[in-house]
Amino acid sequence: MKTSILAVAALLVCSAVQADTIAQTCSKHSPAHTVALLELYTSEGCDSCPPADTFVSGLRGSGMTSEQVVPLSMHVDYWDYIGWKDLFAKAAFTERQRWLSNNAGSRTIYTPELFIGGHELRGGVGGWRGAVPAAVKRINDRPARADISIALGRPAAGNLPVEVSAITTQDAQSGKLFVAVVENGLRSVVKAGENRGVTLKHDYVVRQWLGPIALADRKASLVTNVPLPSGATAGNLGVVAFLQSNQGEILQALMQPLCGG
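For the sequence shown, the residue numbers in mature numbering (1 follows the signal peptide of the UniProt record, and there is no 0) are -19 to -1, 1 to 242.
If you are wondering where the hints come from, they were derived from the structure by calculation, not from laboratory data. No experiment lies behind these values; they were computed from the predicted model shown. Incorrect hints may have been included.
As the list claims (entries may be wrong) - Simulated crosslink set (SDA-like; lysine to any residue; CA at most 20 Å straight-line):
#1 Lys182 / Gly39
#2 Lys172 / Ala70
#3 Lys71 / Ser202
#4 Lys118 / Gly99
#5 Lys172 / Tyr59
#6 Lys182 / Phe36
#7 Lys71 / Ala213
#8 Lys157 / Thr75
#9 Lys9 / Val204
#10 Lys9 / Pro238
#11 Lys118 / His14
#12 Lys157 / Ser202
#13 Lys182 / Ala70
Stated by the list, open to error - Beta-carbon label-pair distances, calculated as ranges:
#14 Val179 / Arg199: 18 to 28 Å
#15 Ala112 / Ala13: 22 to 32 Å
#16 Gly39 / Asp198: 15 to 25 Å
#17 Arg177 / Cys7: 14 to 24 Å
#18 Thr180 / Gly107: 21 to 31 Å
#19 Arg110 / Trp190: 27 to 37 Å
#20 Val179 / Lys200: 39 to 49 Å
Ideal placement from N, C-alpha and C gives every residue a C-beta, glycine not left out.
Construct the complete structure from the given sequences, taking the supplied hints into account.
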């Protein structure tokens, strides 16, 4: 009798642990259509960038959802020399911007510069207001050429458990997987440079950048613990994953907010 009671108790404990693990995981799978990836290359040291930052922030209230467009704000480091060091800038973003520009046949990089679906969209903020929704619709009308899944655990000790898996369709066999942690609601009081005295607001800022991870047999995956930005609020954070062909085309993109965020 005692043995049976212990066995039942052990089973209940095991079930409770399993349920707790499930409860602390949130996941998302990409849709059947292609989600548009929007990349803004910007800098706090650039006085023409704040309107572009505001435009990207406004996507949240424009009626567009993450099933339609996934924005990334990539802060570059090549304006740091003019008096203000952008705390969100990374050399890796400058390198990616240069690669995208070279891929488009251009030798010039500048800020603000916007790419959607891996292709540059010119016209500045005035032109983007009409061009971005049209580009997003064109991309959404295409069947997805890849499937992506994101699963996130609960943050612990400043780290976020992340699992990402991706597979391309039969006609899209070459490419790479990228994963990013993005943060909304950021503010900076700029004390030098072209934006001196201005308080800048940013959303979708890339804080962690992982990749490229090459496809093998049309598949790529990532299982890791990602350090989270110090002092960040879970509700302002999300994880983005996207697959890009070796020719620069975005095959699929996906965004998942943190659990409970």
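These are the hints, each one checked on the structure:
Proximity of Lys182 to Gly39 is assessed by CA-CA distance (about 11 Å); at most 20 Å being required, the pair is judged to hold. In summary, the hint linking Lys172 to Ala70 is supported, as the alpha carbons are separated by about 16 Å, within the 20 Å threshold. A C-alpha spacing of about 24 Å is found between Lys71 and Ser202, which places the hinted pair above 20 Å, so the restraint is violated. Taken as a hint, the Lys118 and Gly99 pair is honoured in the structure, with Cα atoms around 15 Å apart against an allowance of 20 Å.
Between Lys172 and Tyr59 the CA atoms are separated by roughly 18 Å; this keeps the pair inside 20 Å, and the hint holds. Distance check on the hinted pair: Lys182 and Phe36 sit about 11 Å apart at the alpha-carbon level, within 20 Å; holds. In summary, the hint linking Lys71 to Ala213 is supported, as the alpha carbons are separated by about 19 Å, within the 20 Å threshold. Restraint check for Lys157 and Thr75: satisfied, since their Cα atoms lie roughly 18 Å apart, inside the 20 Å limit.
Distance hint between Lys9 and Val204 is fulfilled; the C-alpha atoms sit about 15 Å from each other, no more than 20 Å. A C-alpha spacing of about 9 Å is found between Lys9 and Pro238, which places the hinted pair at or below 20 Å, so the restraint holds. With a CA separation close to 11 Å, the supplied pair Lys118 and His14 stays within the 20 Å bound. Straight-line distance between C-alpha atoms of Lys157 and Ser202 comes to about 10 Å, which keeps the hinted pair within the 20 Å bound.
Restraint check: the Cα-Cα separation between Lys182 and Ala70 comes to about 15 Å, which is no more than 20 Å; the hinted pair holds. At roughly 47 Å, the beta carbons of Val179 and Arg199 sit outside the given window of 18 to 28 Å. The hint said 22 to 32 Å for the Cβ distance between Ala112 and Ala13, and at roughly 25 Å that hint holds. Distance hint for Gly39 and Asp198: a CB-CB separation of about 41 Å, inconsistent with the stated range 15 to 25 Å.
Here the CB-CB span from Arg177 to Cys7 is close to 41 Å, at odds with the stated 14 to 24 Å. Checked against the given bound of 21 to 31 Å, the beta carbons of Thr180 and Gly107, roughly 24 Å apart, stay inside it. Checking the proposed 27 to 37 Å range against Arg110 and Trp190 shows it holds: the Cβ atoms sit about 28 Å from each other. Take Val179 and Lys200: their Cβ atoms lie about 46 Å apart, and the range 39 to 49 Å holds.
Going through the hint list in order, the structure does not satisfy hints 3, 14, 16 and 17.
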